[in-house]
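S.K.: From first to last, the protein sequence lines are chains A and B. Each residue of the first sequence is one higher than the one before, starting from 23 at the first, in my numbering. Each residue of the second sequence is one higher than the one before, starting from 23 at the first, in my numbering.
None of these hints come from the bench; they were simulated from the model. Every value quoted in this text rests on a predicted model; they were computed, and no experiment measured them. Any given hint could turn out to be false.
Any copy will do: because identical chains look the same in the list, a pair fits if it lies in one copy or spans two.
Said to hold, decoys possible - Here are the simulated lysine-lysine pairs, DSS-like style, with alpha carbons at most 25 Å apart:
| no. | residue 1 | residue 2 |
| --- | --- | --- |
| 1 | K268 | K371 |
| 2 | K379 | K103 |
| 3 | K379 | K96 |
| 4 | K415 | K290 |
Protein chains: 2
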Amino acid sequence: MGIFQIIKKSNRTRARLGIIKTAHGVIHTPAFIPVGTQAAIKGLTVDQLKEIGSDSLLCNTYHLYLRPGDEIVKKMGGLHKFMNWDRPIWTDSGGFQVFSLGAALEHGVGKVANIFPGEKTGVLREGEAEHAIPKKEKLTKISEEGVEFRSHIDGSSHFISPEKSIQIQENLGADLIFAFDECTSPLHDYEYTKRSMKRTHRWAVRCLEAFKHKKPAHSGRGSPNPIGRQALYGVIQGGVFEDLRKESAKVIGNLGFDGVGIGGAMGKIKSDMYKILDWIMPLLPEEKPRHLLGIGSPEDIEKAVMAGVDTFDCVAPTRLARNGAALVEGGRFNLKLAKNLEDKNPIDKKCGCYTCKNYSRSYLAHLFRAGEMLGPILATAHNLWFMENLFRKIREKLAKSK
Amino acid sequence: MGIFQIIKKSNRTRARLGIIKTAHGVIHTPAFIPVGTQAAIKGLTVDQLKEIGSDSLLCNTYHLYLRPGDEIVKKMGGLHKFMNWDRPIWTDSGGFQVFSLGAALEHGVGKVANIFPGEKTGVLREGEAEHAIPKKEKLTKISEEGVEFRSHIDGSSHFISPEKSIQIQENLGADLIFAFDECTSPLHDYEYTKRSMKRTHRWAVRCLEAFKHKKPAHSGRGSPNPIGRQALYGVIQGGVFEDLRKESAKVIGNLGFDGVGIGGAMGKIKSDMYKILDWIMPLLPEEKPRHLLGIGSPEDIEKAVMAGVDTFDCVAPTRLARNGAALVEGGRFNLKLAKNLEDKNPIDKKCGCYTCKNYSRSYLAHLFRAGEMLGPILATAHNLWFMENLFRKIREKLAKSK
Chain A
23 MGIFQIIKKS
33 NRTRARLGII
43 KTAHGVIHTP
53 AFIPVGTQAA
63 IKGLTVDQLK
73 EIGSDSLLCN
83 TYHLYLRPGD
93 EIVKKMGGLH
103 KFMNWDRPIW
113 TDSGGFQVFS
123 LGAALEHGVG
133 KVANIFPGEK
143 TGVLREGEAE
153 HAIPKKEKLT
163 KISEEGVEFR
173 SHIDGSSHFI
183 SPEKSIQIQE
193 NLGADLIFAF
203 DECTSPLHDY
213 EYTKRSMKRT
223 HRWAVRCLEA
233 FKHKKPAHSG
243 RGSPNPIGRQ
253 ALYGVIQGGV
263 FEDLRKESAK
273 VIGNLGFDGV
283 GIGGAMGKIK
293 SDMYKILDWI
303 MPLLPEEKPR
313 HLLGIGSPED
323 IEKAVMAGVD
333 TFDCVAPTRL
343 ARNGAALVEG
353 GRFNLKLAKN
363 LEDKNPIDKK
373 CGCYTCKNYS
383 RSYLAHLFRA
393 GEMLGPILAT
403 AHNLWFMENL
413 FRKIREKLAK
423 SK
Chain B
23 MGIFQIIKKS
33 NRTRARLGII
43 KTAHGVIHTP
53 AFIPVGTQAA
63 IKGLTVDQLK
73 EIGSDSLLCN
83 TYHLYLRPGD
93 EIVKKMGGLH
103 KFMNWDRPIW
113 TDSGGFQVFS
123 LGAALEHGVG
133 KVANIFPGEK
143 TGVLREGEAE
153 HAIPKKEKLT
163 KISEEGVEFR
173 SHIDGSSHFI
183 SPEKSIQIQE
193 NLGADLIFAF
203 DECTSPLHDY
213 EYTKRSMKRT
223 HRWAVRCLEA
233 FKHKKPAHSG
243 RGSPNPIGRQ
253 ALYGVIQGGV
263 FEDLRKESAK
273 VIGNLGFDGV
283 GIGGAMGKIK
293 SDMYKILDWI
303 MPLLPEEKPR
313 HLLGIGSPED
323 IEKAVMAGVD
333 TFDCVAPTRL
343 ARNGAALVEG
353 GRFNLKLAKN
363 LEDKNPIDKK
373 CGCYTCKNYS
383 RSYLAHLFRA
393 GEMLGPILAT
403 AHNLWFMENL
413 FRKIREKLAK
423 SK
């Protein structure tokens, strides 16, 4: 039985209105999934996140494997109990972080953020320093078996295989997990991207095999649910190359995964991404939900939904908030500017978020300029509400469309 | 008409159960007042503070005068509106911060915290660096007219007189404000302390004079209230010297203030403080509320209440929280320890705070060790609840006592 139920399909585009079913409740799609890298949305309690209306959140396997360790999370009863979030949780496979520490530094680009500003900024994305690692050193060694890499925290050596990624994600206990993939960079050429993709496909089969032997997921909120287990997404790679993307879509789409993730390099400009989505989508089985990994700036959303994407995760809204950039229709509002200090208006008069209902631009400017924690907290609440509201409107529009 | 109503007096001690009336509601005393130095409790929204049950909070005049500036706060409708807190607000006079930047650095003690760990740590108390100011330079110049001092933010020169302190506090618009005083250090000798105290008394008269010409305070929550104006506390000084403390108590107690603050050096060990309180209290008018400035570690509270103190403000509970120290009965619990990572228990099983009801020691240890903002936030919620609960119990005990 599938985890995804399509409620309605658009006639004009590939957009779908649906629900993803998990042991911890449903996710209404299209959906934005806030990222709580280290089992916490930076600055918000789970109750504040519920007030925003998020159905689910995503944690990073790589980070939690290193700290506090997946075994500890398992002993504490799994991620839901550990972080006190009783709604659906996603974990990624760790592949992207392993990649971003390796290839990106190796090519001297530092962070992938230099290539795609605001998105896919990798393992160092949550304010963590690169202090432990000399820049030019080769950090990852990829073999058929898996990936050897160094911790960004203390430089210690680790090895993750497809089987181990599944094991870690089983220990963490998220509802929706991803197969281990190599996330190639836009700097990789056709030959490397092809070789890597083929290996990712072999890894996908190994992940599925490891996944079959798993126990049921941590129990849900008590209500009986058709999906009393973790669901596994495969990940499409193939970079910016049409034949590879199409091959990967066919292979991953037709293996026994519950859903399909779209990963890897998505081109150098935004239009490349939509081109890639257009290659992939017609080849994917309709009944499987599609997740676009690490993408989710407001300007990407609507077009990607129309291209057939169901869910998105991205650190941009939360990271922008901490840096004092509030999301507003058509762009960003700089919360730090001195001229805001005499502005009684909220960030956006039409916004219904906690921050806009209660606080002025003046107060927010003061908080950011004075280095008060409450600045990033209130900006995060605004930006996540902005994203949730954006998707709420997209869902309503799809529901009403003919 | 007085702002203070005594509901009950203890027969055995000088403790009083009462309420302080303001235009923004009442404060049940004895009370702990959380400190929101820069018009924000670090890490908490006002709704989280209300959930904790705090009746009021205190902001620092010195900090808000420098940033964002009292004129801006006034333009934004006053502190209540600015920070979205509709309950009573206190502001101190700025005198302590001016002192702590001056005398303390001048004597090479850096922060007063070196003398009284955890308390009265002065202008640099909220994590702000001394970067702008060379250490040995004389930072304050005290004259009969007022105090010239340098900003800890940018080193710029400023001058505050008693009249200016009242004007700044009027602009900020708190319900309960303090007369401008010189806060002497434990390192000052008898002669200096006496000279300074006499000047503080002359300043007290000037503050009262300036205060008389004020307009009514910002309007309250709509309910008619006997105190439709700001209330002004005088501040007792006199250091550790019995005759000076007694003289100051008589002078300040009998001027036309609404309440009495107890400031300045309180000795080198805790027992000195209770000795000082015992000198002062019999000389103070019963009907005026008494505030102990900058003191409020849990271990001080009960004895100070029995000595006749009605209200306390202190940064210790919130600062300890940010440093990973949770308040528990009889001491502190170190939230950062690695061994907590496998501890499913809350900080305190008997505690009813949001943090203890929802999160384990394991999760808190993870958050602090991973540098997540949510660690300090949850610890702050716990420590402020701990303080509020401590006072709730003290009030209940007083209510039941014969």
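S.K.: All hints are to be evaluated individually against the structure, with a verdict given for each.
M.R.: Okay, the hints, checked on the actual structure:
no. : hint         : in the structure
1   : K268 to K371 : neither (45 Å within a copy, 56 Å between copies)
2   : K379 to K103 : between (31 Å within a copy, 12 Å between copies)
3   : K379 to K96  : between (39 Å within a copy, 20 Å between copies)
4   : K415 to K290 : neither (29 Å within a copy, 63 Å between copies)
Consistency note: the structure conflicts with the earlier hints numbered 1 and 4.
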